[in-house]
Amino acid sequence: DAGVIQSPRHEVTEMGQEVTLRCKPISGHDYLFWYRQTMMRGLELLIYFNNNVPIDDSGMPEDRFSAKMPNASFSTLKIQPSEPRDSAVYFCASSRGENQPQHFGDGTRLSIL
Amino acid sequence: AQKVTQAQTEISVVEKEDVTLDCVYETRDTTYYLFWYKQPPSGELVFLIRRNSFDEQNEISGRYSWNFQKSTSSFNFTITASQVVDSAVYFCALRRTPNYQLIWGAGTKLIIKP
Chain A
-4 DAGVIQSPRH
6 EVTEMGQEVT
16 LRCKPISGHD
26 YLFWYRQTMM
36 RGLELLIYFN
46 NNVPIDDSGM
56 PEDRFSAKMP
66 NASFSTLKIQ
76 PSEPRDSAVY
86 FCASSRGENQ
96 PQHFGDGTRL
106 SIL
Chain B
26 AQKVTQAQTE
36 ISVVEKEDVT
46 LDCVYETRDT
56 TYYLFWYKQP
66 PSGELVFLIR
76 RNSFDEQNEI
86 SGRYSWNFQK
96 STSSFNFTIT
106 ASQVVDSAVY
116 FCALRRTPNY
126 QLIWGAGTKL
136 IIKP
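Chains as they are written, first to last, in my numbering: chain A, -4 to 108; chain B, 26 to 139.
Treat each hint with caution, since some may be false.
The calculated label-pair distances, taken between Cβ atoms and stated as ranges, are [unchecked claim]:
id, chain 1, residue 1, chain 2, residue 2, range
1, A, Asn45, B, Phe79, 20 to 26 Å
2, B, Thr34, A, Gln75, 32 to 38 Å
3, A, Gly11, B, Glu84, 36 to 42 Å
4, A, Glu9, B, Glu81, 51 to 57 Å
5, A, Pro3, B, Ala32, 33 to 39 Å
6, B, Glu84, A, Pro76, 45 to 51 Å
7, B, Glu51, A, Gly(-2), 28 to 34 Å
8, A, Arg91, B, Thr103, 34 to 40 Å
9, A, Ser61, B, Ala26, 27 to 33 Å
From the structure, some residues in chain A lie toward chain B, with a derived Cβ separation under 7 Å [to be verified]:
id, residue
10, Leu40
11, Met55
12, Pro56
13, Pro65
14, Phe69
15, Asp101
16, Gly102
Source of the hints: derived by calculation from the structure; they are not laboratory data.
All figures in this text were calculated on a predicted structure; none of them were measured in a lab.
Glycine included, every Cβ here is placed at the ideal spot set by N, Cα and C.
Take these sequences, add in the hints, and give me the full structure.
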């Protein structure tokens, strides 16, 4: 079975540019999570969806960040405008039900210059 | 407050040694879940185990074993006869209720030397 698929794997862009990260969850999973990982702050939950509906976005750092899930098989995390402090690895994860383990994608390594 | 503490920042052992990674958690919930994940140098996060608060049986999977003790709020992970491929950062996590977020420990970097 295909796992969680994220794209791109790496993104390097200049400050001020718009960045869009993409995620395809595992088929049949009804929860989708976006995380950010940095050395300083570790793993941080940004937002999660249940059945395509955002449930908790309290982890989204500021209005420059937005996430959408237009259907059960696709989600995006957008940063506009990007800043150097947004540089991190962004992970998408999905799970079947709230009690089941979250399965992670390979992550997107984002560098904002 | 809900919290996960992995006090060991880094552990280094020689191959074939046994090693235990500690995880201590805090929660006021009576129902909760604990998880272990592995993050190898390649960067992906790999699920290892889930344990719910009502199941205190220890679990063994090959060279991996987990010791869950509610009395001490600990969920420790032991690797027997460690191998170089076990080198990774290992994270312990607590699933909080009711909003199903995972509370992550800071991780323990495990280095297995040949």
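Going through the hints against the structure:
Checked against the hint of 20 to 26 Å, the C-beta distance between A:Asn45 and B:Phe79 comes to roughly 24 Å, which is consistent with it. As the Cβ distance of B:Thr34 to A:Gln75 is approximately 36 Å, the hint placing it in 32 to 38 Å holds. The beta-carbon spacing between A:Gly11 and B:Glu84, approximately 50 Å, falls outside the hinted interval of 36 to 42 Å. At roughly 53 Å, the beta carbons of A:Glu9 and B:Glu81 sit within the given window of 51 to 57 Å.
Evaluation of the 33 to 39 Å hint for A:Pro3 and B:Ala32 yields a pass: the beta carbon distance comes to about 36 Å. For B:Glu84 and A:Pro76, the Cβ-Cβ distance of about 47 Å falls inside the hinted range of 45 to 51 Å, so the restraint holds. Hint check: B:Glu51 to A:Gly(-2), Cβ distance near 32 Å, so the stated range 28 to 34 Å holds. Judged by the Cβ atoms, the range 34 to 40 Å given for A:Arg91 and B:Thr103 is violated: they are separated by roughly 29 Å.
The given range of 27 to 33 Å is respected by A:Ser61 and B:Ala26, whose C-beta atoms sit roughly 30 Å from each other. Restraint check, A:Leu40 versus chain B: the minimum CB separation of about 6 Å is within 7 Å; hint holds. Checking A:Met55 against chain B by beta carbon gives a least distance of about 13 Å; that is not within 7 Å, so the hint is violated. For A:Pro56, the shortest C-beta to C-beta distance to chain B is roughly 16 Å, which exceeds 7 Å, and the interface hint is violated.
Given the 7 Å rule on beta carbons, the hint for A:Pro65 is violated: about 22 Å separates it from the nearest Cβ of chain B. Because the closest C-beta pair between A:Phe69 and chain B is about 20 Å apart, greater than 7 Å, the hint is violated. With a cut of 7 Å, the hint placing A:Asp101 at the interface with chain B holds, because the nearest CB-to-CB distance is about 5 Å. With 7 Å as the threshold, the beta carbon of A:Gly102 comes within range of chain B, its nearest partner Cβ sitting at about 6 Å, so the hint holds.
The structure does not agree with the numbered hints 3, 8, 11, 12, 13, 14 stated previously, though it agrees with the rest.
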